[in-house]
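Chain order of the listed sequences is F and S.
Residue numbering for the first sequence follows this note's numbering, starting at 1 and increasing by one per position.
Residue numbering for the second sequence follows this note's numbering, starting at 461 and increasing by one per position.
Hints are computed from structural coordinates only; laboratory data are not their basis.
Careful: at least some of the hints might be erroneous.
Residues from chain F shown here face chain S by an in silico Cβ test under 7 angstroms; the list is partial [to be verified]:
id: 1; residue: Trp-186
id: 2; residue: Ala-202
id: 3; residue: Arg-298
id: 4; residue: Gln-311
id: 5; residue: His-376
id: 6; residue: Arg-392
id: 7; residue: Ile-396
id: 8; residue: Gly-400
Ideal Cβ placement from N, Cα and C applies to all residues, glycine included.
There are 2 protein chains.
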Amino acid sequence: MSTEQWEDYLAANDARFVDELSDFLTYASISSLPEHTGAVADAAQWVADRLTQAGIENVSVLPTGGHPVVYGDWCHAPDKPTVLIYGHFDTQPVDPLALWTRPPFEPHIQDERIYARGASDDKGNMLIPILAVEALLETRRQLPLNIKFLFEGQEEIGSPQLPEVIDRERARLACDLVVSADGGQWAEGQPALHTSLRGLCALEIRLTGARSDLHSGSYGGAVLNPIQALCELLAELHDDRGRVTVEGFYDDVRPLDAHATERIRAVPFDADAFKAGIGVPALHGEADYTTYERLWTRPTLEINGIWGGFQGEGTKTVLPSLAHAKITCRLVADQDPERICRRVGDHLIAKAPAAVRIDVRPEASHAWPYQIAPDHPGNQAAAAVHRRIFGREPHIVGMGGSIPVCGIFLRTLDAYTVNFAFGLKDENVHAPDEFFRLSSFRLGQRAYVHLLDALSRSAF
Amino acid sequence: MSTEQWEDYLAANDARFVDELSDFLTYASISSLPEHTGAVADAAQWVADRLTQAGIENVSVLPTGGHPVVYGDWCHAPDKPTVLIYGHFDTQPVDPLALWTRPPFEPHIQDERIYARGASDDKGNMLIPILAVEALLETRRQLPLNIKFLFEGQEEIGSPQLPEVIDRERARLACDLVVSADGGQWAEGQPALHTSLRGLCALEIRLTGARSDLHSGSYGGAVLNPIQALCELLAELHDDRGRVTVEGFYDDVRPLDAHATERIRAVPFDADAFKAGIGVPALHGEADYTTYERLWTRPTLEINGIWGGFQGEGTKTVLPSLAHAKITCRLVADQDPERICRRVGDHLIAKAPAAVRIDVRPEASHAWPYQIAPDHPGNQAAAAVHRRIFGREPHIVGMGGSIPVCGIFLRTLDAYTVNFAFGLKDENVHAPDEFFRLSSFRLGQRAYVHLLDALSRSAF
């Protein structure tokens with residue numbers, strides 16, 4: 001029952017684990033596309049089977065009214081803490097498909113990287129703790145604390161039914177801490193503690209001019225073009241200092257205190273490397289904030305998509321009837337997603353010109369912003385594992401993205417969430433050619449065993 | 461050889477003529493889409509065959525390096541004027557296809573209207589003079605003047621190769637007047653003389669931010685969104701009085717004189733009917749101009765299409781790499797299409813923010829604006845036929861659309877163009893469910909016979 005036994009087990013089963021990850025990645029579990037509903041359900045069943053195979057008990061697929069949730073537990077350590085491990089098996093869409101080197105749901109390995117949609121976000125990462133637990137159960141025949149697993153299939157669409165499921169199952173899900181296997185570390189060899197997540201709200205807008213497309217010669221100049229109206233409306237959503245102009249947008253944003261500013265400034269930032277990494281000619285954002293402050297402490301209003309009129313080859317002299325845009329806002333504590341969504345929608349309706357009709361549709365996707373203290377016991381345990389595995393102090397950082405359940409766990413289960421995952425920034429998450437490093441996959445398995453051991457000694 | 465003979469001929473052959481139009485409309489001759497090149501060529505051959513069948517001589521399909529041109533003539537009236545009859549057999553694209561009641565190239569007749577893409581613009585109209593000439597040749601065995609036909613397959617893409625063809629064939633095409641069978645009358649029962657056409661120039665722009673799509677959480681707030689940049693750039697193209705802000709845009713616009721203003725104000729305008737006809741909640745345009753002044757005498761800058769990022773169902777939290785727009789300008793005398801295109805492109809490049817890259821691509825489509833005097837002999841002959849056929853004085857109006865060849869004929873053949881066609885405003889030209897009235901198809905045939913008789917007595 002030495003440490004070496006589980007390490008040997010992980011090493012001996014490495015090829016099988018990689019094959020299993022590859023198999024998991026063949027499921028096209030895109031939660032935002034109705035035609036992929038079956039694939040999301042199949043992925044859920046795959047997860048349930050894999051938990052059972054690992055020795056987890058009480059495995060079940062929980063009904064949600066939407067994409068499913070998979071639960072399982074091992075609760076035979078009565079005097080020890082209980083941790084709930086969270087991840088998701090749904091993925092982002094794959095468009096633009098033409099930019100993928102290989103089909104996104106036909107995983108392939110090259111240079112010790114596994115390429116597929118969902119490889120890093122989040123299938124590779126969510127599989128890690130299952131394998132760590134299997135290694136412990138196969139070698140020690142027990143775990144050092146009580147573990148519950150909760151994997152969802154709707155993270156990428158903002159977890160619409162999950163709050164209800166967590167509320168309904170609050171007794172079964174009760175825990176001292178949530179550990180999220182959705183996220184990543186700072187860089188290869190450099191760990192991080194994540195102390196904040198941004199929230200999210202989403203809406204779609206549609207402007208309608210004439211009842212059908214018009215000839216731009218016969219009507220151009222006498223009728224407002226809905227695309228022009230949309231551009232003018234969207235252009236006014238930011239002022240010339242990069243601030244969102246929607247009234248009250250910043251009302252509930254917590255001001256940055258000196259400690260937080262100091263922690264953020266302690267994280268090294270290389271602007272040239274940042275720009276080169278994504279290929280942008282210049283940085284851009286809200287005046288008077290650094291890049292990390294913009295990403296971790298400031299809300300955004302982003303146009304995720306726009307369309308209207310003719311998009312084909314050549315010229316079509318059309319004055320279109322319709323113009324559409326999709327908008328999401330990233331939120332920071334303590335902005336309320338529904339209130340911000342309503343404020344943005346009301347602003348757009350108020351500003352829309354009389355010569356077009358505007359429809360604003362709030363989308364289901366939303367997430368509360370989240371903050372955890374850097375010295376929370378869960379973070380202390382994670383930092384101890386960081387020092388052991390990476391040999392370095394973690395950076396204390398924020399995350400620009402959203403993991404909706406962190407806010408939900410806090411409000412429903414009264415449990416904070418510690419991020420413990422192994423994605424890295426260059427892995428094309430939400431973009432073509434997503435991949436996950438096999439080195440991270442392996443290191444993560446060992447790190448999880450150490451984390452469970454460390455948490456078994458924590459006081460919550 | 462009485463008038464009645466040709467009238468009887470037209471009446472006796474009406475069912476066959478409608479069948480022939482229906483057959484002509486089955487060709488999907490969309491000139492802007494490369495995959496329809498074959499259909500445009502097939503339509504050209506159909507036209508050539510139909511001219512020959514009508515008794516026209518020297519029929520040939522002229523090479524252009526692009527979509528073909530069909531020529532034919534009857535030149536056995538040595539002391540009489542020569543008129544060149546112009547039309548086009550290519551069509552606009554059909555998207556959005558979902559809004560068509562029936563497939564656009566499966567013509568069907570309902571309530572004495574023939575529905576298909578190209579029915580009004582311009583296959584129905586261009587077939588009319590062929591049928592009129594056939595009736596004369598079959599009944600009188602001769603025509604009252606010399607006639608040449610020139611039908612092109614590239615009008616809807618701005619006639620890129622036609623100027624070169626007209627220049628090369630200037631001897632063969634020499635004429636005293638061009639009569640355009642592309643256009644329409646004012647309303648059912650109300651004829652019009654068209655004294656101006658707007659020109660056209662086109663460009664496409666693309667903004668690039670990061671080299672691939674980014675996660676809007678990981679990067680949102682720190683990187684300029686190309687859609688936002690595009691909206692801001694396009695929003696600034698009009699000022700708050702509806703004027704285009706591109707420097708020098710209006711430099712070559714002829715000022716409106718008092719006579720022209722008076723003629724325009726003499727044309728009745730019903731704002732409520734205009735709005736209801738197309739279903740817009742309000743009119744919109746350049747301040748201090750009436751609707752007809754905006755349409756006939758003022759240039760425009762129109763966004764024909766815009767696209768970027770995610771357009772599917774649900775939410776995708778993407779910060780896109782690319783944003784695109786298609787722009788056309790309608791021009792008035794004496795704006796130079798190439799110069800305006802360059803000015804707009806240069807303006808956009810100068811205004812684009814440093815945090816994105818901009819590419820501007822001028823499109824081949826362009827057309828010179830055109831003006832003809834209301835009392836030109838060709839217009840006098842047309843007005844005489846209007847009085848006879850409709851029993852009314854024509855309105856003297858402008859046209860907001862573009863017929864590129866009018867400017868080309870004037871500069872190359874030194875011949876003005878008279879519009880003589882029978883489309884009506886509600887026929888969904890360039891839009892779903894395009895149709896042409898069979899009553900116009902029949903009336904047009906008689907009107908053309910009268911026009912040829914009238915022009916045979918004109919002095920040019």
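These are the hints, each one checked on the structure:
no.: 1; hint: Trp-186; in the structure: 13 angstroms, violated
no.: 2; hint: Ala-202; in the structure: 5 angstroms, holds
no.: 3; hint: Arg-298; in the structure: 6 angstroms, holds
no.: 4; hint: Gln-311; in the structure: 5 angstroms, holds
no.: 5; hint: His-376; in the structure: 22 angstroms, violated
no.: 6; hint: Arg-392; in the structure: 22 angstroms, violated
no.: 7; hint: Ile-396; in the structure: 18 angstroms, violated
no.: 8; hint: Gly-400; in the structure: 5 angstroms, holds
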